[in-house]
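S.K.: This is what each chain is made of:
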Amino acid sequence: MVQSIVSTGVAIGCIYALIGITYNVMFSASRVFSFTAGTLGMLGGVLGSLFIARLGMPVAVGFLLALAGGVILGIVTEIVAVRPVLKSLDQHLYVLSTLALALMVQQFTAIEWGTEARPFPRLFDIARGGFDQQFWLPMLACASVIVGLELLYRHTLIGRAFLAIAEDTYAARALGLPERRLRMLSYALAGAIGALAGFAGGEMLLAFFGNGPMLTFYGFVPVALGGMGNNRGAVVAGLLLGLFQQTANFLVGGIFASVAVFTVFIIVLLARPEGLAGAALQRRV
Amino acid sequence: MAQVRPSRAGALGATSTFGVALPFLALLVIGIAFPLFGGGYWGVIATRACVYWVLVSGLNLVVGFAGQIAIGWVALLTLGAYTTSVLVAGNVTPALPPYLALAIAAVVGAIFGLIVGLPALRLRTFYFAITTLGFATIVTQVALAWQSVTGGGVGVAGPIFPKPFDSQWGFYYFCFGLAAICTWMTANIAASRFGRALTAIRDAEVAAEACGIAKPALLVLVFLFSGAVAAIAGGLFASLQSYITPDAFTLDLSVLFFIAILIGGRSSILGPLLGTILLTVLPEFAAPLVAWSTFLYAVLLLVIVLAMPGGIAELLDFKNRRPLESGRAIVPRPELLARLLTAPAGAGAGALTLEQVALAFGGVHAIDGLDLEIRSGQIHGLIGPNGSGKTTTLNVISGYYAQQSGAVRLNGAALPVLARHRRAHMRIARTFQTPRIVGSASVLQNVMIGGTIDGECTFVESLLSLPRHRRDEVLLRDTAMLALAAVGLERLAAVRADRLQHSELRFTEIARALMLRPAFLLLDEPAAGLSAEEIGRLGALVVAIARAGTGVLLVEHHADLIFDICHHVTVLNLGKNLAAGTPAEIRSHREVVNAYLGG
Amino acid sequence: MPISAADPLLDIAGLSSGYGKIGVLHGVNLTIGAGEVVALLGPNGAGKTTLLRAVSGLLPWSGSVRFAGRDLAGASPRDIVKAGLAHVVEGHRVFTQLAVLDNLLLAAYDLPRGERTARVEEALGLFPEIAAKRHERAAALSGGQQQILAVAQGLVRRPRLLMLDEPSAGLSPVLVDRVLVVVRRLREAGTAVLLVEQLIEKALALADRVYALARGAIVLEAKTGEADLPHRLEHAYLATASR
Chain Z
14 MVQSIVSTGV AIGCIYALIG ITYNVMFSAS RVFSFTAGTL GMLGGVLGSL
64 FIARLGMPVA VGFLLALAGG VILGIVTEIV AVRPVLKSLD QHLYVLSTLA
114 LALMVQQFTA IEWGTEARPF PRLFDIARGG FDQQFWLPML ACASVIVGLE
164 LLYRHTLIGR AFLAIAEDTY AARALGLPER RLRMLSYALA GAIGALAGFA
214 GGEMLLAFFG NGPMLTFYGF VPVALGGMGN NRGAVVAGLL LGLFQQTANF
264 LVGGIFASVA VFTVFIIVLL ARPEGLAGAA LQRRV
Chain L
20 MAQVRPSRAG ALGATSTFGV ALPFLALLVI GIAFPLFGGG YWGVIATRAC
70 VYWVLVSGLN LVVGFAGQIA IGWVALLTLG AYTTSVLVAG NVTPALPPYL
120 ALAIAAVVGA IFGLIVGLPA LRLRTFYFAI TTLGFATIVT QVALAWQSVT
170 GGGVGVAGPI FPKPFDSQWG FYYFCFGLAA ICTWMTANIA ASRFGRALTA
220 IRDAEVAAEA CGIAKPALLV LVFLFSGAVA AIAGGLFASL QSYITPDAFT
270 LDLSVLFFIA ILIGGRSSIL GPLLGTILLT VLPEFAAPLV AWSTFLYAVL
320 LLVIVLAMPG GIAELLDFKN RRPLESGRAI VPRPELLARL LTAPAGAGAG
370 ALTLEQVALA FGGVHAIDGL DLEIRSGQIH GLIGPNGSGK TTTLNVISGY
420 YAQQSGAVRL NGAALPVLAR HRRAHMRIAR TFQTPRIVGS ASVLQNVMIG
470 GTIDGECTFV ESLLSLPRHR RDEVLLRDTA MLALAAVGLE RLAAVRADRL
520 QHSELRFTEI ARALMLRPAF LLLDEPAAGL SAEEIGRLGA LVVAIARAGT
570 GVLLVEHHAD LIFDICHHVT VLNLGKNLAA GTPAEIRSHR EVVNAYLGG
Chain B
979 MPISAADPLL DIAGLSSGYG KIGVLHGVNL TIGAGEVVAL LGPNGAGKTT
1029 LLRAVSGLLP WSGSVRFAGR DLAGASPRDI VKAGLAHVVE GHRVFTQLAV
1079 LDNLLLAAYD LPRGERTARV EEALGLFPEI AAKRHERAAA LSGGQQQILA
1129 VAQGLVRRPR LLMLDEPSAG LSPVLVDRVL VVVRRLREAG TAVLLVEQLI
1179 EKALALADRV YALARGAIVL EAKTGEADLP HRLEHAYLAT ASR
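Residue numbers (my numbering), protein chains in the order written: chain Z, 14 to 298; chain L, 20 to 618; chain B, 979 to 1221.
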């Protein structure tokens, strides 16, 4: 029993953490949050099921195509919903434009894919049971992304350019860095991460259009609690969230578990609006 | 003596009031006559539009006016629907009459509106939006789980209202009546100091604080009202549906309400009203597209946000399409200031003093042991190189920063630190380096915001347009027109503020500050961006303000303006008082010249 | 198109710029010849930083700006850096989360890798005090060292014109002299410099020519050798505007 709670909790916590990282990567590049982060997770699962289960493609191909779908949505988000808004005087418009885009994608999915949750294919032909792939796939995905991002930021020039843009856009522009292109690439990267989260978690969450709003909310909790732009905080908070949710599920049942999560979230946020760890990068005054 | 032409303002008021009321009257007539030409099916649609509008009218104050992104307001519809239905059905409590149940639902809605809304006071925009979404999901899930009360997935029957509202058209008129009342009430609020204060919080929060507007109190009122009407809409919705289950309250519905307001345009009643009607009716016309309705709403929202953030209200704003005359000049009439700046009884000569005030940011001493005295009726100039602490000093006096040592005193009594919205009550007014105004409101409305704290009527009196509210409005409007005439902008009173030139916005801010009849006026670099001629007029205006008894602190870069009009000048350098004296003394002071030129 | 000896490297005519509705610069005229050091002086709020931002493409502007014979209208900051014009912004804004070496590598972002490392080494060679800290995060440097790093960033691309916005701000006199020694060496190497400074005497000691900007327009242009210059400057700064 405990083992089940822990493995489910950590697995789903990894998915939440990955969506949190998706939010953070977009935020680092543009200083705004996008509602499409949860939608990306949903798409990862739906596209994976579409390509592999319904169209019968090999797993690797379906995986790459699902990631490609995420990259496309990420880039579209930047071009359509974020770039025009950053230029205008009213910064808060980004909430509405990204909400509109997320809704459009979600509704389109509901209409074309259907409103029922469809099963996600089994990726590796191993028998069920024990520490099953539906648990370790999300964990593997999360660990890979953490390692990958670390390598990117520390050992590639473009990764360091991302960090520069995140810290001080004005100085980056003056230095001649291609700020717009870097932002678009950040959003593409975020798109891939979000789709990966949904794909890796597909068996647990199923290919369901309703995962969008659910991941939008639960994926944001790690950001809020871990601190804006703070990926490490997001991972820790995501894992804690997953474990808390599964424990509550076990103790009081599904519905009241949601209430419990939400209540704790609100209370923590009201007590510490900056999150438990605080924002990773202080904006230059 | 020159008169402000009240007849002109009055005539402007009369014709524009009728113009504003016309679309509402037209909708009223159409609504009353509707049963004559609409069939049974359209009756349901029309009733549904009325029910939605009851909710949206209240949410409009939260989203459209206060600018809070409350996406999950369907939670209150759910609460109202279930509360009313359960109380009438009598399976938990003894069965109650429907009107009483509706009233109780309104109270429950008000309380939960407050609960859902309060995080807005602490959280950033996106965070608040997410929490309202979470709340909406929770309420629906609780409705599903709490089977003993709500019937779980099976649901519960909606209330039936007694005669004459039990027939289809009877119920339609009931909902229509409530919708009309909600329209009237929210329109009253929009045209009151509360409505203007809400837009000030949304678009110019810092300036709103300086005008004495307390954000928490105002938002509490709005959330209570909005929650109550949303719950009432819920009760009506339950009756309309005849039977409610948790899956009637989808996120799609919440999104519809929210988008209706944004399509309609912020700070408008008519816009969201038309938006609600549009979004309720649209799926019916596009029958094969019913499944795509939410998709279409989202597309509409995206288009509005990117192409026309002002929404339908902006489309209908014909008044502000007319070109403004070019080559406008701002010609203040300082002689009007005597009428405007009548000090309250007992206010004599006083002083605003800083004693050894010190404030450091990190290791940097922004202000380092500063002494300063601003006397009534005198203009005190504060100059110094960049980083010398001029604006920091002004921010400490106006309560935006707290000094770490030393005292700021008004007539001897120490001012409370960081109480920036209390400064207005002490008749300390200020302007800002970059004009902070509500772009979508008219110049007159912006100036009226300055007089918010002088209003006497309560929120409820405004809601119901009781006599004290109307008296307040007339007085406020007249005073604001006088202030605009004094600074020379009365011809632009009805123009949207974001159409004005930078220099005109500066003078608008001054007019707004004058509404407080300030004992002390703090001006933050008012001459920046003004032409030489405008600077001259500004100088004359400030001299007249001082002559009327106000003490002025003038923070400036333009040395010539300072030397022209100030009685007394303090020069700051690195947070310390470098020199103080009359303009003539400062002008020839060797160290001052060096400080300016560096070295 | 080859530039004849008479054509200035930077030619600004009738430049107007500002922030949104607030107009700051009103018809500025200024030229800089190849290899010249020009000082831009003026009281605060005059528009000196705005002028630099307009020229380097960070702000929209109207008028005419020509650099090395090329019209800069509509050019992005990236294009302008590539054309050989570097802008070291005010306030020693370096990327504190990155190492000194990374800060310099980013300044050479567009160059091929081999050339990039060579140029970065070159820049570090000019400033031994930060070369010693090349692997430390920029946050660990003092304010003065960060300013030197910022100047080094500007030099990585071997610009033809380097614009420095108040490099002495917040620096101790020793470090100020360090930076200005580098400026002198730049002039000897043929790089033109536009130096915005508050320390008038030091700026005049270094510059070939000086402009004074007040209330958004040029009020004085002179060679630094001219007599009576300090008095004329004082007059330009504090005099009442001609009405």
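In case anyone wonders, no lab produced these hints; they're calculated from the structure. Glycine residues also receive a C-beta, built at the ideal position from the N, C-alpha and C atoms. Any given hint could turn out to be false.
[What the hints assert, rightly or not] To give a feel for the contact side, a few chain Z residues facing chain B, derived at Cβ under 8 Å: (1) L170; (2) A174; (3) L176; (4) E180; (5) L188; (6) G189; (7) L190; (8) R245.
S.K.: Does each hint hold? Answer for all of them.
M.R.: Verification of the supplied hints:
Nearest Cβ of chain B to the Cβ of L170 (chain Z): about 6 Å, under the 8 Å cut. The hint holds. Satisfaction of the interface hint for A174 (chain Z) is found here, the shortest Cβ-Cβ separation to chain B being roughly 6 Å, below the 8 Å cut-off. Hint status for L176 (chain Z) relative to chain B: holds, with the closest Cβ pair at about 6 Å, below 8 Å. With 8 Å as the threshold, the beta carbon of E180 (chain Z) comes within range of chain B, its nearest partner Cβ sitting at about 5 Å, so the hint holds.
Of the supplied interface hints, the one on L188 (chain Z) holds, with its beta-carbon coming within about 6 Å of a beta-carbon of chain B, less than 8 Å. Contact between G189 (chain Z) and chain B, as hinted, is supported at the beta carbon level, the nearest pair being about 3 Å apart and thus within 8 Å. The beta carbon of L190 (chain Z) is positioned within 8 Å of a beta carbon in chain B (closest approach about 6 Å), and the interface hint is therefore held. Contact between R245 (chain Z) and chain B, as hinted, is not supported at the beta carbon level, the nearest pair being about 14 Å apart and thus beyond 8 Å.
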